[in-house]
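Enquirer: Spelled out from the first residue to the last, the chains are:
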Amino acid sequence: MHDTLTPAEARDMLSAVARHIVANVDMLTQVDQAIGDGDHGIGMRRGFSAVEEAMAATEPVSVATVFKAAGTAIMAKTGGAAGAIFGTMFRSGSTAFDERTVLDAEGFAGFLVKGLEGVEKRGAAQPGQKTMIDALAPAAAASEAAIARGLVDVVTEATKAAKGGVEATKDMIATTGKARTLGERSLGHPDPGAVSMSLILEAMRDYIAA
Amino acid sequence: MHDTLTPAEARDMLSAVARHIVANVDMLTQVDQAIGDGDHGIGMRRGFSAVEEAMAATEPVSVATVFKAAGTAIMAKTGGAAGAIFGTMFRSGSTAFDERTVLDAEGFAGFLVKGLEGVEKRGAAQPGQKTMIDALAPAAAASEAAIARGLVDVVTEATKAAKGGVEATKDMIATTGKARTLGERSLGHPDPGAVSMSLILEAMRDYIAA
Amino acid sequence: MGKPKKLLNNPVNVVTELIDGLVAASGGDLRRLDDRNAVVRTKLAEDKVALLIGGGSGHEPMFPGFVGPNLADGAPCGEVFAAPTPDLVLDTLAAVDRGRGVLMVYGNYAGDNMNFDIAAELAEEAGIVTRTVRVWDDVAAAPLDRITDRRGIAGDFFVIKVAGGAAAELKDLDDVYRVAVKARDNTRSMGVALAAGSIPETGERTFELPEDEIEIGMGAHGEPGIARRKITDADAIAEEMTDRILADLPFSSGDEVAVLVNNLGATTCMEMLIVTRKVHQVLAQRGISVHRTDVGSFLTCQEMAGLSITLMKLDDELKRYLDMPAHSFAYSRS
Amino acid sequence: MGKPKKLLNNPVNVVTELIDGLVAASGGDLRRLDDRNAVVRTKLAEDKVALLIGGGSGHEPMFPGFVGPNLADGAPCGEVFAAPTPDLVLDTLAAVDRGRGVLMVYGNYAGDNMNFDIAAELAEEAGIVTRTVRVWDDVAAAPLDRITDRRGIAGDFFVIKVAGGAAAELKDLDDVYRVAVKARDNTRSMGVALAAGSIPETGERTFELPEDEIEIGMGAHGEPGIARRKITDADAIAEEMTDRILADLPFSSGDEVAVLVNNLGATTCMEMLIVTRKVHQVLAQRGISVHRTDVGSFLTCQEMAGLSITLMKLDDELKRYLDMPAHSFAYSRS
Ligand SMILES: Nc1ncnc2c1ncn2[C@@H]1O[C@H](COP(=O)(O)OP(=O)(O)O)[C@@H](O)[C@H]1O
Ligand SMILES: Nc1ncnc2c1ncn2[C@@H]1O[C@H](COP(=O)(O)OP(=O)(O)O)[C@@H](O)[C@H]1O
Ligand SMILES: [Mg+2]
Ligand SMILES: [Mg+2]
Ligand SMILES: [Mg+2]
Ligand SMILES: [Mg+2]
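Protein chains in written order, with the working numbering: chain A, 2 to 211; chain B, 2 to 211; chain C, -7 to 326; chain D, -7 to 326.
None of these hints come from the bench; they were simulated from the model.
Among the clues, some could well be false.
[Claimed, not checked] In silico lysine-lysine, BS3-like type, Cα no more than 27 Å apart, as pairs:
#	chain 1	residue 1	chain 2	residue 2
1	D	Lys311	C	Lys(-3)
2	C	Lys(-5)	D	Lys35
3	D	Lys35	C	Lys35
4	D	Lys(-3)	C	Lys222
5	C	Lys40	C	Lys222
6	A	Lys164	A	Lys122
7	B	Lys122	B	Lys161
8	C	Lys(-5)	D	Lys(-5)
9	C	Lys222	D	Lys311
10	B	Lys171	B	Lys161
11	D	Lys(-3)	C	Lys311
12	D	Lys222	C	Lys(-5)
13	C	Lys(-5)	C	Lys163
14	C	Lys35	D	Lys(-3)
15	C	Lys311	C	Lys40
16	C	Lys(-3)	D	Lys35
Model, not experiment: these values are computed from the prediction.
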């Protein structure tokens, strides 16, 4: 159980996130096969293998530094929509830590909120369009509402909300990304990027709550 | 039972030959699939459909005329090795009838002998190379040996010998045509052209012996 | 259908290796950008608006096969079906810029749009001027009133050909941009898929089609089209596709067009020609004249079986740049 | 594997329809010979040795796709996998002859040899002089001491290209013949098949290969090769094929060659490039320099998956004709 994370712990947590994503790439690819072009898992493997390497190579000077390094690695190695989106999420989100020496409840909520802002600006998608935003937006809202209860609760609520968001994407018709022409055929399948978003939060929660 | 055929009967017989080939094209294609390029049946259908049309359009001026017309139709419509070979067989073979007003035992044997000569000249293949020659050569020899016994025996013996020749091709390794690189893999399969040769004689026998 | 059999080495390296092959085949005309997955012309004209094209790999010969004289100057290549990363795009931009700015032409996909946009922002910071033309020719992807939601498929070919010609002749980036936009806006395509392609790294096909069904309007990564149906005559399918394309722009009697019939991968040349024949028949019936026809594999989706039909409505300016000689791996005309 | 799905109309008419498509795509450069399945250049040079090529269909774009300036003047097209009939060859001969005689170039198959020979005999009676060059480039088809038993595969491409150039420049049939024979004698190929093509009229594949096996040396109609084996790395296969080709002529260190990597139908451009890369690496290791490289679908076997590698050893004369500009459906270079 961590009430706050030091920069070094934040770095360890991001390594754990990377390993969790890499462990789930086959599932992510399958999800993308159902409604996209079937490459989400292999793209995330490129990006998050790079995150693991970047974490090993990054001095934990500050929380912002390690989150930004993760985002830069994702952006540089993933490719595709996911690379731009998750790269942007981490890079934009990292600015929430600029003034902080540790990762705390408020900082974590700020990370999700700033990350969401960045993603919306970059991809111009709205909630309800069956993207990772449908996991990230409820997670950001839930985390803000839980700030007073501390970091563990913030990340636990965010993860729950993201999972709910993933479930909700099954009932959405995609209107952006490669799934958008599926129309009603996209119903019943979750959005791959939303699943990834939820996995990222899950791994963070497991680290923080452990 | 015919001891001789008039030119009109010869024409009818060739129509019957054409129908018999057309009725067996799927089998011929399958045989070619095993050791060739799988088109022998469809080629023979083109050629012998043309024979049927040519017979309908040909005045039975002489036996030579109708056999030559059949050969010309085969040559013009079949394509592939079979078109050149069976076209040549009928056209060269037809010269055996040049001096004859009816098709008799001697004429029939002469047709096979001249046909064989023409085919060997055209394709430069020898007996034993797993071609239609391995049906035609024994048929020609058997028909010559039976001349004294009359037309029905000539064609009956020729047909038997051709069938034996087809069986014999199963034990031959192809050294010409599309099967030649099969080497030992061509063993066990009959030669498609030999099967066609045997079908042609079978239909002639059925007409003459009927 | 089973997993497709392929001649590959480690599938993680396909993009690197195919670029090696492309550079080798070019006989010195192309080079790799350092050790990156990007292709650049060896001899760049000194004073020229640069044309940069690119996108995910797996669609060969698109995009790197269109780098050459009077075509593109460089192409960053993403992994299979994944847009190239911003830094790769940026480095290729920097390599091809001759100080007159860079026109970027690519297919309209979320991943490409975002990655090229990020690169363009970084380029601006570095003092490189860029303009962007996204190709959205696939009429099956969205209705006309949401044309910017459509994906780019084989229409890339015409836009690149015209933009390449314009970039070779016109000295002003805005001018080249204007011509490329005109080419894009006059181009419409539709595809049909008979069987799926696969992703080398997973070995999995990108979709499944029943033995006797085809999908009209399917996209270049196997994105769903507008109708799945029993396979029928080539003529019926070609006529339906052509008519949908014609109705969209719309093209009308008296128009002059360029025709492209593009092989999505595994379709036989025989089928391509049979469809080409029908497209010409339909156009003749509708009073539309054909200026030129290209038939071949230009934008593929691995071993997907199927094809797409593209029409570009021409005016004198488009004709001029379309007809310019050009030379590259994928396309060469004197 | 199931029956392949194809975009066809009545499969009996495929050859007629594909020629319609080819003529339409040519924009007036080609015409059909009356209502026959043969393609002829619309504008034949007035005073020129004619080049006639041809064979069975199903290998598109070979042969009719190579009719054009500095290439062939006409091509009679047989039915799928069946040599054209003598009268069709004869009529095409008569259509292309400009009084300087006709060189016939085609693949060495029993059916083609006999039908073209009969046509040549009939042509002679009609006062048309012909010479024949049979292409037998497939080193897998027979040992070197029985070279005339070998079949013609993608090596047709080089022989046609060189003969087309020579026929455009040299005024004497014997001279053109000499150059074409030289091209043929310096050309060696080998193929590898991963999956079978099919015959449209039967819908049947021409052979069956187990899911994990390939056949080295398979011919352009699915004729057996020299070894069936488990599929391995592209590099290992490409190296084995290249080495067998090199040993056959033999090619040796210091030689200069032209390289052709030919797609048998359904293989991805990505695989083609990966193999091209390896062929170049092997040649460099063996001290052989590459003058030019062509990669594409030139002689196919319907939707067969696989490819062939061809090398032609060059001298100045062969280079001259190989490098001449040319234009046709299948091949265009300035
Ligand atoms: N405009 C966008 N905004 C937010 N997320 C997006 C956007 N476009 C795509 N995505 C996300 O990207 C995911 C697809 O990622 P991936 O499969 O790696 O890329 P690609 O679509 O290029 O193949 C989608 O599931 C979706 O969550
Ligand atoms: N040189 C030859 N002499 C005699 N018959 C031949 C010769 N070459 C081929 N054939 C016959 O032709 C048959 C093949 O005919 P077909 O399949 O129609 O032609 P292709 O081999 O052109 O596909 C063979 O089975 C063989 O009997
Ligand atoms: Mg994807
Ligand atoms: Mg055959
Ligand atoms: Mg993708
Ligand atoms: Mg054949």
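Enquirer: Run every hint past the structure and note whether it holds.
Expert: Here is how each hint holds up against the structure:
1. At roughly 37 Å between alpha-carbon atoms, Lys311 of chain D and Lys(-3) of chain C are farther apart than 27 Å, so this suggested pair is violated.
2. Taken as a hint, the Lys(-5) of chain C and Lys35 of chain D pair is broken in the structure, with Cα atoms around 48 Å apart against an allowance of 27 Å.
3. Annotation: proposed proximity of Lys35 of chain D to Lys35 of chain C is violated, straight-line Cα distance about 37 Å (limit 27 Å).
4. With a C-alpha separation of about 11 Å, the suggested pair Lys(-3) of chain D and Lys222 of chain C falls inside the 27 Å cut-off, and the hint holds.
5. For the given pair, Lys40 of chain C sits about 50 Å from Lys222 of chain C by alpha-carbon distance, which is inconsistent with the 27 Å threshold.
6. Only pairs whose Cα atoms come within 27 Å are accepted, and Lys164 of chain A paired with Lys122 of chain A is accepted, the gap being roughly 23 Å.
7. Distance hint between Lys122 of chain B and Lys161 of chain B is fulfilled; the C-alpha atoms sit about 25 Å from each other, no more than 27 Å.
8. A C-alpha spacing of about 16 Å is found between Lys(-5) of chain C and Lys(-5) of chain D, which places the hinted pair at or below 27 Å, so the restraint holds.
9. Under the criterion of a C-alpha separation no larger than 27 Å, the hint pairing Lys222 of chain C with Lys311 of chain D is inconsistent with the structure, at around 51 Å.
10. Restraint check: the Cα-Cα separation between Lys171 of chain B and Lys161 of chain B comes to about 16 Å, which is no more than 27 Å; the hinted pair holds.
11. Distance check on the hinted pair: Lys(-3) of chain D and Lys311 of chain C sit about 36 Å apart at the alpha-carbon level, beyond 27 Å; violated.
12. Using a Cα cut-off of 27 Å, the hinted pair Lys222 of chain D and Lys(-5) of chain C holds, with the two alpha carbons roughly 15 Å apart.
13. A threshold of 27 Å between alpha carbons decides the hint, and for Lys(-5) of chain C with Lys163 of chain C the separation of about 49 Å lies outside it, so the pair is violated.
14. Between the alpha carbons of Lys35 of chain C and Lys(-3) of chain D the distance comes to roughly 45 Å, so the proposed pair goes past 27 Å and is violated.
15. Under the criterion of a C-alpha separation no larger than 27 Å, the hint pairing Lys311 of chain C with Lys40 of chain C is consistent with the structure, at around 21 Å.
16. Of the supplied pair hints, the one linking Lys(-3) of chain C and Lys35 of chain D is violated, its CA atoms being roughly 45 Å apart against a limit of 27 Å.
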